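Novice: Those protein sequence lines, which keep their order, are chains L and H.
If you read the first sequence in my numbering, its first letter stands for residue 138, the second for the next number, and so on.
If you read the second sequence in my numbering, its first letter stands for residue 479, the second for the next number, and so on.
If you're looking for bench data, these hints aren't it; they were derived computationally from the structure.
Just so you know, these numbers come straight off a predicted model, no measurement behind them.
Note that beta-carbon positions come from the ideal geometry of N, C-alpha and C, so glycine has one too.
Heads up, some of the hints might be wrong.
Below, computed lysine-lysine pairings styled on DSS-like, alpha-carbon distance capped at 25 Å [said to hold, decoys possible]:
1) H:Lys826 - L:Lys148
2) H:Lys596 - L:Lys144
3) H:Lys512 - L:Lys148
4) H:Lys600 - L:Lys147
5) H:Lys826 - L:Lys144
6) H:Lys482 - L:Lys148
7) H:Lys580 - L:Lys148
8) H:Lys657 - H:Lys799
9) L:Lys147 - H:Lys592
10) L:Lys144 - H:Lys583
11) L:Lys144 - H:Lys580
12) L:Lys147 - H:Lys596
To give a feel for the contact side, a few chain H residues facing chain L, derived at Cβ under 10 Å [what the hints assert, rightly or not]:
13) Gln485
14) His579
15) Phe588
16) His619
17) Met827
So these bits of chain H aren't anywhere near chain L, every CB distance computed over 12 Å [what the hints assert, rightly or not]:
18) Thr503
19) Val508
20) Glu522
21) Phe523
22) Asp530
23) Tyr533
24) Asp566
25) Thr572
26) Asp623
27) Asn629
28) Glu649
29) Lys779
30) Asp790
31) Gly793
What follows is each chain in one-letter form.
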Amino acid sequence: MSYSYIKPRKKSAITVELKFVFVFFGVTIFMLFSVYGFLSFKGYRFSKESERIISKQKHLENSISKMKEQIAFIEKESMVAEQIHTKNSVLKDSISNLFDLIPQRITLSEAKLLKNGLILYGITPTKDVYNFMLQAPLRSIFTKTYSSFYPEKNGWLRFVSTNYVEVENDMFVEENTDEN
Amino acid sequence: MLDKIFQYLYNKIFVTIVVNDTFSTVHVEVVSHKGSVQDSATKEFETTSLSDDMYDYIEHYTEQSPYYYISVLDYSLSQGAVPTCRVDDFSLYTDLLSLKHKCFKDSWAFFTTKQNIKEIEKNYEDIGVDFIFSPFLVLSHFFKDKLDEKNSMFVFVQEDAVSICVFSHSELLYATHKKIVKNHHEEEDELVMEDDMLDMDDDAIELDSIDLDDVDIDDAIGGSLDDFGDIEDLDSLDEIEDFSDSKDLEEELEDEYEEANEEDEKDKDDEEDEPVDSKDYDVFLIIQNAMEHFYKDDIYKSEFVEKIYVADSIGLDDDLKKYLEDEMFVSAYIRKADLLAEVLDITKMELDL
Numbered sequence: 138m139s140y141s142y143i144k145p146r147k148k149s150a151i152t153v154e155l156k157f158v159f160v161f162f163g164v165t166i167f168m169l170f171s172v173y174g175f176l177s178f179k180g181y182r183f184s185k186e187s188e189r190i191i192s193k194q195k196h197l198e199n200s201i202s203k204m205k206e207q208i209a210f211i212e213k214e215s216m217v218a219e220q221i222h223t224k225n226s227v228l229k230d231s232i233s234n235l236f237d238l239i240p241q242r243i244t245l246s247e248a249k250l251l252k253n254g255l256i257l258y259g260i261t262p263t264k265d266v267y268n269f270m271l272q273a274p275l276r277s278i279f280t281k282t283y284s285s286f287y288p289e290k291n292g293w294l295r296f297v298s299t300n301y302v303e304v305e306n307d308m309f310v311e312e313n314t315d316e317n
Numbered sequence: 479m480l481d482k483i484f485q486y487l488y489n490k491i492f493v494t495i496v497v498n499d500t501f502s503t504v505h506v507e508v509v510s511h512k513g514s515v516q517d518s519a520t521k522e523f524e525t526t527s528l529s530d531d532m533y534d535y536i537e538h539y540t541e542q543s544p545y546y547y548i549s550v551l552d553y554s555l556s557q558g559a560v561p562t563c564r565v566d567d568f569s570l571y572t573d574l575l576s577l578k579h580k581c582f583k584d585s586w587a588f589f590t591t592k593q594n595i596k597e598i599e600k601n602y603e604d605i606g607v608d609f610i611f612s613p614f615l616v617l618s619h620f621f622k623d624k625l626d627e628k629n630s631m632f633v634f635v636q637e638d639a640v641s642i643c644v645f646s647h648s649e650l651l652y653a654t655h656k657k658i659v660k661n662h663h664e665e666e667d668e669l670v671m672e673d674d675m676l677d678m679d680d681d682a683i684e685l686d687s688i689d690l691d692d693v694d695i696d697d698a699i700g701g702s703l704d705d706f707g708d709i710e711d712l713d714s715l716d717e718i719e720d721f722s723d724s725k726d727l728e729e730e731l732e733d734e735y736e737e738a739n740e741e742d743e744k745d746k747d748d749e750e751d752e753p754v755d756s757k758d759y760d761v762f763l764i765i766q767n768a769m770e771h772f773y774k775d776d777i778y779k780s781e782f783v784e785k786i787y788v789a790d791s792i793g794l795d796d797d798l799k800k801y802l803e804d805e806m807f808v809s810a811y812i813r814k815a816d817l818l819a820e821v822l823d824i825t826k827m828e829l830d831l
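Please put together the full structure from these sequences, using the hints given.
Specialist: The structure is reproduced here in structure tokens:
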């Protein structure tokens with residue numbers, strides 16, 4: 138209990154000047170922390186944006202690689218298609234040429250195109266017609282030609298012509314030809 | 479929180495000011511946060527207000543720490559104490575309207591006028607005042623081990639004032655605060671000087687200056703002192719006679735001459751000491767009057783006072799004890815008191831240190 142007639146004045150080490158200094162430094166520190174906080178937030182957002190962009194970039198790179206693969210595949214398909222088309226056109230030309238080889242008097246009933254050969258089934262009026270008009274051009278194309286005949290009731294002959302191309306033999310033939 | 483840290487860093491400085499009639503005493507104590515006294519100093523200033531010297535002296539210490547406390551002992555005459563804490567009962571003893579009072583343990587109260595407090599605060603407004611204490615509080619604190627005794631009077635003697643209380647089993651019965659009147663000393667000094675002149679039979683012209691009124695006053699006030707003076711003279715004569723038996727006339731004359739010189743010196747010493755003696759007597763008179771007032775005034779619960787305890791802060795002689803015991807027939811005990819230390823102690827109590 139207080140026995141003094143008056144109350145003691147409030148004592149404080151913080152004078153007005155000190156208060157001013159504290160307020161000044163307080164405001165400065167607050168501003169520093171505010172700027173630090175703002176920059177940290179901005180940095181955080183920037184890093185997040187960067188991560189997002191990087192992931193998007195990776196995603197796009199993946200898409201690009203996929204698309205490149207697809208393009209390569211499509212190009213391959215295109216090449217294959219072109220090759221097929223070329224082959225087909227070659228085959229078409231070959232067939233067309235083949236059918237051009239067939240004289241008016243011989244009738245083909247079946248033709249089998251093999252990888253390295255050709256088998257023809259048909260009817261010829263005579264062996265001579267066949268030999269002169271068909272076998273001769275076939276022999277000029279294929280290296281080996283085999284023919285077999287069997288007669289029909291109407292006197293015509295049914296034939297089977299088997300023709301093969303032997304590359305090595307062909308080359309050998311060509312070399313021999315060059316030597317001659 | 480911050481303040482507590484600062485309190486830990488700074489020392490506490492206690493400034494105690496006690497104002498007397500013509501001078502003020504300032505005591506400064508620097509206490510560390512651990513409670514140890516780092517520095518202590520006391521200085522007297524020949525002023526009763528805040529002089530430039532005193533301001534500089536106090537400022538020198540208080541500027542060392544923001545935690546400084548300035549205590550002033552209430553020196554006004556219009557203060558006192560009453561044996562009640564009830565505001566309704568105050569009117570029996572004094573006028574409450576203009577007073578500021580403080581209750582002591584819900585038993586009794588000490589008071590002073592609001593004007594006094596304002597005056598003290600204004601007097602020291604340049605340095606500020608934190609505590610104003612009543613001499614009665616100092617008295618009760620000083621005699622706290624004796625207050626529970628039965629019917630005892632407690633007297634606190636300051637340089638220029640006396641605070642008197644009568645307690646019985648810690649219950650206040652009577653209190654008064656009186657100023658020691660200086661005029662009385664002057665009269666007393668004059669009379670003592672005249673007595674000396676009479677004893678020495680020095681000059682007849684001086685005798686003419688004494689009139690009957692002064693002699694009456696002397697008889698009324700200082701009769702006992704005269705008696706002592708006579709006894710002293712007789713003793714000195716006996717001593718001279720004793721010595722005369724074994725010495726011749728020349729030696730006797732020389733001895734008498736030396737004795738006379740010694741007496742002169744002794745008288746001079748007595749004259750120098752006289753103010754202290756008279757202060758003892760003044761204090762005695764104040765106590766006597768207070769006692770009479772206590773017995774005679776019906777508003778106080780009159781009990782026969784058996785003991786008187788005196789706190790002496792000014793260095794009284796043993797005469798006071800003799801006066802009290804011879805004249806008032808009570809047991810008197812005089813205890814030396816350091817007023818500044820007591821006020822400082824109370825200040826620390828106020829701050830729970």
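Novice: Indicate, hint by hint, whether the structure satisfies it.
Specialist: Hints, one by one, checked against the model:
At roughly 15 Å between alpha-carbon atoms, Lys826 (chain H) and Lys148 (chain L) fall within 25 Å of each other, so this suggested pair holds. Under the criterion of a C-alpha separation no larger than 25 Å, the hint pairing Lys596 (chain H) with Lys144 (chain L) is consistent with the structure, at around 13 Å. The suggested pairing of Lys512 (chain H) with Lys148 (chain L) holds, with an alpha-carbon distance near 18 Å, which does not exceed 25 Å. With a C-alpha separation of about 18 Å, the suggested pair Lys600 (chain H) and Lys147 (chain L) falls inside the 25 Å cut-off, and the hint holds.
In summary, the hint linking Lys826 (chain H) to Lys144 (chain L) is supported, as the alpha carbons are separated by about 14 Å, within the 25 Å threshold. Our distance criterion of 25 Å between C-alpha atoms is met by Lys482 (chain H) and Lys148 (chain L), whose separation comes to about 11 Å. For the proposed pair Lys580 (chain H) and Lys148 (chain L), the alpha carbon gap of about 23 Å is at most 25 Å, so the pair holds. Straight-line distance between C-alpha atoms of Lys657 (chain H) and Lys799 (chain H) comes to about 20 Å, which keeps the hinted pair within the 25 Å bound.
Of the pairs offered as hints, the one joining Lys147 (chain L) and Lys592 (chain H) holds, with about 22 Å between alpha carbons and a cut-off of 25 Å not exceeded. Restraint check: the Cα-Cα separation between Lys144 (chain L) and Lys583 (chain H) comes to about 18 Å, which is no more than 25 Å; the hinted pair holds. Simply put, Lys144 (chain L) and Lys580 (chain H) have alpha-carbon atoms about 12 Å apart, close enough for the 25 Å limit, and the pair holds. A C-alpha spacing of about 19 Å is found between Lys147 (chain L) and Lys596 (chain H), which places the hinted pair at or below 25 Å, so the restraint holds.
For Gln485 (chain H), the shortest C-beta to C-beta distance to chain L is roughly 8 Å, which falls under 10 Å, so the interface hint holds. With a least beta-carbon distance of about 9 Å to chain L, the hint placing His579 (chain H) at the interface is held under the 10 Å criterion. Annotation: interface hint on Phe588 (chain H) holds; nearest CB of chain L at approximately 8 Å, less than 10 Å. For His619 (chain H), the interface hint holds, since its Cβ comes within 10 Å of a Cβ in chain L; the closest pair sits about 9 Å apart.
Given the 10 Å rule on beta carbons, the hint for Met827 (chain H) holds: about 8 Å separates it from the nearest Cβ of chain L. Every CB of chain L is more than 12 Å from the CB of Thr503 (chain H) (nearest about 19 Å), matching its label as outside the interface. For Val508 (chain H), the condition that its CB be more than 12 Å from all CB atoms of chain L holds, with the nearest at approximately 15 Å. Look at Glu522 (chain H): its CB is around 24 Å from the nearest CB on chain L, clear of 12 Å, so calling it non-interface holds up.
Every C-beta of chain L lies more than 12 Å from that of Phe523 (chain H), the closest at about 22 Å, which supports listing it as non-interface. Residue-level check passed: Asp530 (chain H) sits 22 Å from the nearest beta carbon of chain L, beyond 12 Å. Its beta-carbon lying about 17 Å from the closest one in chain L, Tyr533 (chain H) satisfies the requirement of being farther than 12 Å from that chain. Every CB of chain L is more than 12 Å from the CB of Asp566 (chain H) (nearest about 21 Å), matching its label as outside the interface.
For Thr572 (chain H), the non-interface assignment is confirmed: its Cβ lies about 15 Å from the closest Cβ of chain L, beyond the 12 Å cut-off. Residue placement check: Asp623 (chain H) keeps its beta carbon more than 12 Å from all beta carbons of chain L (closest about 18 Å). Consistency note on Asn629 (chain H): stated as away from chain L, and its beta-carbon is indeed over 12 Å from all of that chain's, at 25 Å minimum. Once the 12 Å rule is applied to beta carbons, Glu649 (chain H) is consistent with being away from chain L; the minimum gap is 18 Å.
At the 12 Å boundary, the C-beta of Lys779 (chain H) stays outside the reach of chain L, the nearest C-beta of that chain being 24 Å off. The non-interface label for Asp790 (chain H) is consistent with chain L: the shortest C-beta to C-beta separation is roughly 23 Å, beyond 12 Å. For Gly793 (chain H), the non-interface assignment is confirmed: its Cβ lies about 27 Å from the closest Cβ of chain L, beyond the 12 Å cut-off.
Hint violations for this structure: none, all hints satisfied.
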